[in-house]
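There are 2 protein chains.
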Amino acid sequence: MTIVITAFERSPDGGKGLARDTRVRWALEEVGRPYEVRFVSLRAMKEPAHLRLHPFGQIPTYEEGGLALFETGAIVLHLAQIHAGLLPDDADARARAIAWMFAALNTVEPPILDLAVARLAEGDRPWAGQRLPLVEDRIRQRLAQLATRLGRTEWLDGGFSAGDLMMVSVLLRLRPSGLLDEFPRLAAYVARGEARPAYLRAFAAQWAVNAVIEPQAV
Amino acid sequence: MTIVITAFERSPDGGKGLARDTRVRWALEEVGRPYEVRFVSLRAMKEPAHLRLHPFGQIPTYEEGGLALFETGAIVLHLAQIHAGLLPDDADARARAIAWMFAALNTVEPPILDLAVARLAEGDRPWAGQRLPLVEDRIRQRLAQLATRLGRTEWLDGGFSAGDLMMVSVLLRLRPSGLLDEFPRLAAYVARGEARPAYLRAFAAQWAVNAVIEPQAV
Numbered sequence: 735m736t737i738v739i740t741a742f743e744r745s746p747d748g749g750k751g752l753a754r755d756t757r758v759r760w761a762l763e764e765v766g767r768p769y770e771v772r773f774v775s776l777r778a779m780k781e782p783a784h785l786r787l788h789p790f791g792q793i794p795t796y797e798e799g800g801l802a803l804f805e806t807g808a809i810v811l812h813l814a815q816i817h818a819g820l821l822p823d824d825a826d827a828r829a830r831a832i833a834w835m836f837a838a839l840n841t842v843e844p845p846i847l848d849l850a851v852a853r854l855a856e857g858d859r860p861w862a863g864q865r866l867p868l869v870e871d872r873i874r875q876r877l878a879q880l881a882t883r884l885g886r887t888e889w890l891d892g893g894f895s896a897g898d899l900m901m902v903s904v905l906l907r908l909r910p911s912g913l914l915d916e917f918p919r920l921a922a923y924v925a926r927g928e929a930r931p932a933y934l935r936a937f938a939a940q941w942a943v944n945a946v947i948e949p950q951a952v
Numbered sequence: 735m736t737i738v739i740t741a742f743e744r745s746p747d748g749g750k751g752l753a754r755d756t757r758v759r760w761a762l763e764e765v766g767r768p769y770e771v772r773f774v775s776l777r778a779m780k781e782p783a784h785l786r787l788h789p790f791g792q793i794p795t796y797e798e799g800g801l802a803l804f805e806t807g808a809i810v811l812h813l814a815q816i817h818a819g820l821l822p823d824d825a826d827a828r829a830r831a832i833a834w835m836f837a838a839l840n841t842v843e844p845p846i847l848d849l850a851v852a853r854l855a856e857g858d859r860p861w862a863g864q865r866l867p868l869v870e871d872r873i874r875q876r877l878a879q880l881a882t883r884l885g886r887t888e889w890l891d892g893g894f895s896a897g898d899l900m901m902v903s904v905l906l907r908l909r910p911s912g913l914l915d916e917f918p919r920l921a922a923y924v925a926r927g928e929a930r931p932a933y934l935r936a937f938a939a940q941w942a943v944n945a946v947i948e949p950q951a952v
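These protein sequence lines map, in sequence, to chains A and B. Numbering-wise, the first sequence is residues 735 to 952 according to the numbering used here. Numbering-wise, the second sequence is residues 735 to 952 according to the numbering used here.
Accuracy of the hints is not assured; some may be wrong.
Heads up, the list lumps identical chains together, so a pair's fine if it works in one copy or across two of them.
List time: in silico DMTMM-like cross-link candidates among lysine to aspartate or glutamate, alpha-carbon distance up to 25 Å [as the list claims (entries may be wrong)]: (1) K780 <-> D823; (2) K780 <-> D824; (3) K780 <-> E928; (4) K780 <-> D871; (5) K780 <-> D747.
Hints were generated in silico from the structure; no laboratory data involved. Being a predicted model, the structure only gives us computed values, none of them experimental.
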């Protein structure tokens with residue numbers, strides 16, 4: 735059955751690959767599934783037709799036959815569970831790889847999302863300049879813990895998994911801030927993720943859509 | 735094999751049930767698995783022995799035989815996948831229930847966590863009073879979308895699932911703020927979750943540990 739995902743008609747990042755459809759494209763490329771993309775405008779994302787697919791009015795969504803999913807983590811996990819390539823075969827190792835997916839989304843990403851809030855949503859508020867260092871320090875705390883755990887290994891737990899896909903995708907959001915480069919092991923880890931052929935194909939596909947747009951600072 | 739989870743030796747919420755071990759206790763009760771608890775002090779959470787189990791120095795963790803997991807979402811999902819009671823049998827319905835788990839943790843919880851940051855971590859900053867309404871409005875936006883999707887149904891997608899367990903647990907954090915009561919359908923949804931016998935047992939178990947502690951404002 736044909737897989738259809740949704741993506742921004744015009745990504746706010748102008749093709750940097752930080753919109754969440756890139757994570758789903760990457761997973762689809764890793765498991766070797768072709769897919770189609772339906773582009774959605776910022777206005778259409780808040781209209782009933784899209785809200786039926788995604789109750790929070792975001793992208794990406796995933797449709798295949800009678801199944802409709804939202805939430806990037808759920809889509810990537812679904813693909814990882816029904817195809818080979820993103821989770822190890824051993825049951826315990828699978829559970830640990832999934833734990834890293836949740837860690838990326840629920841422990842590492844929230845302080846990183848707060849950076850976007852501090853810079854964009856609250857960037858013109860009088861406290862923006864004073865607050866930014868606090869937000870950055872909360873991110874540094876998580877990055878230091880992650881770098882310690884990663885140590886000198888290539889991936890978080892054995893071979894590349896959906897946990898690495900999600901963690902690399904979350905960390906990528908930090909590159910424009912310079913915070914990632916404060917942790918050379920993490921910067922190298924992200925670079926290993928970006929060098930994967932599946933990532934390169936996913937990045938190129940979203941770039942082809944968005945590169946004509948003037949990028950905005952993130 | 736014996737299941738061992740970790741929990742705060744003294745929960746910062748004094749027994750309100752908002753520490754994340756309650757989510758795991760609830761899942762264990764729903765699937766009918768007995769468990770043991772190892773209590774960890776705030777200091778021990780940051781020491782090497784615990785960091786080997788949880789790289790970010792938090793609770794809960796989960797150990798069963800040779801498997802060690804961290805991240806509440808991963809632990810609950812693991813239990814839901816290997817036992818009956820928390821996920822539907824139909825494959826598509828399972829994927830949708832898992833999507834609600836991710837939605838709870840990655841879309842609804844981040845702005846709620848930001849409220850704790852605004853009140854506790856930044857509560858003494860000069861901008862605290864002015865910033866709080868912005869944080870609350872971001873939460874209201876998510877709650878309104880969630881209330882719309884829930885509509886007049888009992889649970890988010892068919893019968894009670896791990897998605898509801900996680901969403902109710904996330905929304906519970908809001909009760910002290912009064913925000914939950916602005917959305918009567920969500921308040922009723924949370925109350926349905928709290929009325930489940932498995933939740934009541936989980937709450938009582940954490941209460942028995944923490945109720946002697948003087949509660950702090952959250």
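### Message
Reference check for the pair K780 and D747, CA-CA at most 25 Å: within, between, both, or neither?
### Response
within (19 Å within a copy, 37 Å between copies)
### Message
If the cut is 25 Å between Cα atoms, do K780 and D871 qualify within a copy, between copies, both or neither?
### Response
Only across copies: K780 and D871 sit 17 Å apart there, 34 Å inside one copy, limit 25 Å.
### Task
Tell me, please, which holds for K780 and E928 at an alpha-carbon limit of 25 Å: within, between, both or neither?
For K780 and E928, neither the intra-copy (32 Å) nor the inter-copy (32 Å) Cα distance is at most 25 Å.
### Message
Treating 25 Å as the Cα threshold, decide for K780 and D823: within, between, both or neither.
### Response
neither (40 Å within a copy, 32 Å between copies)
### Within, between, both or neither, where K780 and D824 count as close if Cα-Cα is 25 Å or less
neither (41 Å within a copy, 30 Å between copies)
Checked against the numbered hints listed earlier, the structure breaks hints 1, 2, 3; every other hint is satisfied.
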